[in-house]
Amino acid sequence: MKDDKKRSLVDQQSSNILTQGVSRRQVLRGMMTSGVVAAGSGLLTPGSSLAFANTDEPKRGGSIKVASQSGSTSDTLDPAHGSGSSDYTRQYMFYNGLTVLDRTLTPQMELAESFDTKDAQHWVIKLRKDVLFHDGKPFTSADVVFTLNRHKDPKTSSKVASVAKQMVEISAKGPHEVHITLAAKNADLPAILGVVHFLIVRDGTTDFSKGNGTGPFLCSVFQPGVHSIATRNPNYWKKGLPYLDSVELFSIPDQSARVNALLAGDVQLINSVNPRAIETLSASPLVKVYHADSGGYTDLIMRDQLGPMKNPDFVKGMKYIMNREQILNVACRGFGRVGNDQPIPKGHRYYNSSLPQTTYDPDKAKYHFKKSGLLGRSIPMVASSAADNSVEMAQLIQLSAQSAGLNLQVKRVPADGYWSNHWMKDTLGFGNINPRPTADLMFTLFFQSNAAWNESGWKNAKFDQLLVAARGETDDVKRKQMYGEMQALIHDQSGIGIPIFSSINDAASRKLGGYKPHPLGGFMAYMFAEHVWLEA
Amino acid sequence: MNKTVLRLIINRIGLGILTLWIVSLVVFFITNLLPGDAAQELLGQAATTQTLDALRAKLGLDLPLYVRYFHWLGGMLVGDAGTSMVNGIPILQLIWSRLPNTLLLAAFVTLVSVPVAMFIGIVSAMYRGSWFDRYINILAVCAVSVPEFLIATIAVLIFAVKLGWLSALSHIENAQTFGEMLKVFAMPVLTLCSVLVAQMARMTRAAVIDQLSSSYVEMALLKGASPIRMVLRHALPNAIGPIANAIALSLSYLLGGVIIVESIFNYPGIATLMLNAVSSRDMPLIQACAMLFCFGYLVMVLIADISEIVSNPRLRK
Numbered sequence: 001m002k003d004d005k006k007r008s009l010v011d012q013q014s015s016n017i018l019t020q021g022v023s024r025r026q027v028l029r030g031m032m033t034s035g036v037v038a039a040g041s042g043l044l045t046p047g048s049s050l051a052f053a054n055t056d057e058p059k060r061g062g063s064i065k066v067a068s069q070s071g072s073t074s075d076t077l078d079p080a081h082g083s084g085s086s087d088y089t090r091q092y093m094f095y096n097g098l099t100v101l102d103r104t105l106t107p108q109m110e111l112a113e114s115f116d117t118k119d120a121q122h123w124v125i126k127l128r129k130d131v132l133f134h135d136g137k138p139f140t141s142a143d144v145v146f147t148l149n150r151h152k153d154p155k156t157s158s159k160v161a162s163v164a165k166q167m168v169e170i171s172a173k174g175p176h177e178v179h180i181t182l183a184a185k186n187a188d189l190p191a192i193l194g195v196v197h198f199l200i201v202r203d204g205t206t207d208f209s210k211g212n213g214t215g216p217f218l219c220s221v222f223q224p225g226v227h228s229i230a231t232r233n234p235n236y237w238k239k240g241l242p243y244l245d246s247v248e249l250f251s252i253p254d255q256s257a258r259v260n261a262l263l264a265g266d267v268q269l270i271n272s273v274n275p276r277a278i279e280t281l282s283a284s285p286l287v288k289v290y291h292a293d294s295g296g297y298t299d300l301i302m303r304d305q306l307g308p309m310k311n312p313d314f315v316k317g318m319k320y321i322m323n324r325e326q327i328l329n330v331a332c333r334g335f336g337r338v339g340n341d342q343p344i345p346k347g348h349r350y351y352n353s354s355l356p357q358t359t360y361d362p363d364k365a366k367y368h369f370k371k372s373g374l375l376g377r378s379i380p381m382v383a384s385s386a387a388d389n390s391v392e393m394a395q396l397i398q399l400s401a402q403s404a405g406l407n408l409q410v411k412r413v414p415a416d417g418y419w420s421n422h423w424m425k426d427t428l429g430f431g432n433i434n435p436r437p438t439a440d441l442m443f444t445l446f447f448q449s450n451a452a453w454n455e456s457g458w459k460n461a462k463f464d465q466l467l468v469a470a471r472g473e474t475d476d477v478k479r480k481q482m483y484g485e486m487q488a489l490i491h492d493q494s495g496i497g498i499p500i501f502s503s504i505n506d507a508a509s510r511k512l513g514g515y516k517p518h519p520l521g522g523f524m525a526y527m528f529a530e531h532v533w534l535e536a
Numbered sequence: 001m002n003k004t005v006l007r008l009i010i011n012r013i014g015l016g017i018l019t020l021w022i023v024s025l026v027v028f029f030i031t032n033l034l035p036g037d038a039a040q041e042l043l044g045q046a047a048t049t050q051t052l053d054a055l056r057a058k059l060g061l062d063l064p065l066y067v068r069y070f071h072w073l074g075g076m077l078v079g080d081a082g083t084s085m086v087n088g089i090p091i092l093q094l095i096w097s098r099l100p101n102t103l104l105l106a107a108f109v110t111l112v113s114v115p116v117a118m119f120i121g122i123v124s125a126m127y128r129g130s131w132f133d134r135y136i137n138i139l140a141v142c143a144v145s146v147p148e149f150l151i152a153t154i155a156v157l158i159f160a161v162k163l164g165w166l167s168a169l170s171h172i173e174n175a176q177t178f179g180e181m182l183k184v185f186a187m188p189v190l191t192l193c194s195v196l197v198a199q200m201a202r203m204t205r206a207a208v209i210d211q212l213s214s215s216y217v218e219m220a221l222l223k224g225a226s227p228i229r230m231v232l233r234h235a236l237p238n239a240i241g242p243i244a245n246a247i248a249l250s251l252s253y254l255l256g257g258v259i260i261v262e263s264i265f266n267y268p269g270i271a272t273l274m275l276n277a278v279s280s281r282d283m284p285l286i287q288a289c290a291m292l293f294c295f296g297y298l299v300m301v302l303i304a305d306i307s308e309i310v311s312n313p314r315l316r317k
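First to last, the protein sequences are chains A and B.
Just so you know, we're using UniProt numbering here: the first sequence kicks off at 1 and counts up by one.
Just so you know, we're using UniProt numbering here: the second sequence kicks off at 1 and counts up by one.
Excised from the complex, chain A in its bound form (with noise of 0.2 Å):
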């Protein structure tokens, strides 16, 4: 239930899966001598959107109905607000952001027509100039300065609020110019603004259960922890867009009738499957799986005691004592990608490949917890189904490391309340961390020194002076080598372990077509309302 978890997305979305790196490094190259961060517009139109392109031939019409895991009284229309995947997928049917990421991670326009910069520190954001709200007002600056200063204002209790300060300021420069200036250089703001969170509201919207936005579909009904019904925009400035006449979503908590409801057919696409359910709907002839690698991932916590700072040679036994491909073949059903206790996948483009994966060696980690003097005491590991797989998890490491003689007590404790109670409060503990659009922000949110998730409570004075420099960093060959040794430093010292990455898992009737999944989220990111179809 990773987005039940009343986490932001910003500080959520994580690194990529960048598979086709090659797209968005050249992107990024052209931003960084140019100043232009992408092209935009011509990526709009109808079907030929590089992220979501798709071979068959879309149709227009039809109605679907979607159930989501997460779900409540506490929905929400207001995007500073939303948390988990009904809140997003409705947010992003009634809005539009500046950027979009698309399933590369790159940043697409928009709502903005270009992003502009010579420094990564002093931005001009160019907006469309076609774009209606649903209440009929055209979209301006006036709109997007609004957005942006409302997440830093605390009365507004934005997730997004710590990222949204480094804004210093936002000013319209006339109606369809925004100039925006950072605290220090950033040249990630395309990507960030691309975040849920910053869907652009209209200027004083003071009542947001209206969903007025600039977005695919129109509010027609929301009733929080019921269900909403969106219909089509015919006046949504993507012409063409959306394919659908109406969607409806509501959310099926209970895994199984969640599953049972899509073979049933009375709902069309479902996020959140199980891998145990995943053998049930792939022998459906009705229904299709998708499968998304991710950069999000279940994390073995070390700290305090047992963490980098106090007990180094704890923290490098139980790297070794993690028997990964078992965990990813038991736990996972196979489903994901094993990691080496760093939060960048393969695939990223700033993966650094020249670092050893770490294997499972009982003998290396006995020698490691005998100089920890840890070898013969019983040790609690806290593990709870808030955090995905961690209860499995924790079993097979129990077992593993009782063949290098150490022993850890299970301690499986109520998913209600984990992530106030426990996570982060245990010295050996499970985290389960979302994808996040940008290394930066996996860095800056998880490991940086003074970074409020910094799990393990590890320092590294080295590894926040290469964070600042590579932010600022403009030429992409020194900032992956500032990468790549980030990684290093995190994979050798600090105090999480990083089994494996998870997959993502959506399934959907075989009659939902321009299904694409996306390594961000499950629900195509969250975003599949404006790009899917219904086959006849």
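For the record, the hints were derived by calculation from the structure and aren't laboratory data.
The beta-carbon is built from N, C-alpha and C at its ideal position, and this holds for glycine as well.
Derived coverage of chain B by chain A (criterion: at least 3 residues anywhere in the stretch with Cβ under 8 Å from a Cβ of chain A; other residues may be distant):
# : region
1 : 87-99
2 : 157-170
3 : 273-282
With chain A held as given, fit chain B onto it using these hints.
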């Protein structure tokens, strides 16, 4: 109705109110023992001490517990249950949007389960020890023992996934005609009935058998009453007290205890509302739901008590 009966009934109602007050105390203080509060849940991991304090002050969570209790109790007494902490919607509005659904489901289940249970109970009492009685007994025990989520899931697998006759979800807003209503309600009602019918039938059987072995029934038999007349005219009126009691207790469960059925069939009832409230630490909503369930339960028990008092011939005169 005479004075004794009146006194007994007033007594019961008084006790009911006292119980309700004690429950309000328990509900209020126990829910506040849940780890974390609405401010923490709302802000999630993005919470800092500053934002937490600000939000707590806004939600009134910074006041002492007993002050909040009296505010809340005062509100409840005048029918104001406050507003939801997570979305600012009045609690009553949230509850009213869900309560009719729950009551509708309860009504359907009652309509089906009570007559069936009475029939099974009476017939198996009349033919005590026969094959019918024994088989029904075994079936009833089985039905009571199998957990609802299993019955519900198996029913969905058979009727919705394999056969495709019924919908796996119970979305009542889509049901316009009577036929559609039947389709929507068939599986939830079936699931709930299989538990309730068994309980009620067993209790009915026990109560009727108890009466059938008494001397006045023997007298009726001796004066030549037919078995049906003997049961319906002589034994049943005297067994009505315990039967009503059993029915009331079973049905009171329909108000709050259908969480599993509601969540499996995605039925927008009040039980899932409370489940949501617990996970988002929306205390006013949890408390209002708990009080509502308790109130419903007390009303059913009161009805059972009163029907027992009224049906007691010694008190009737």
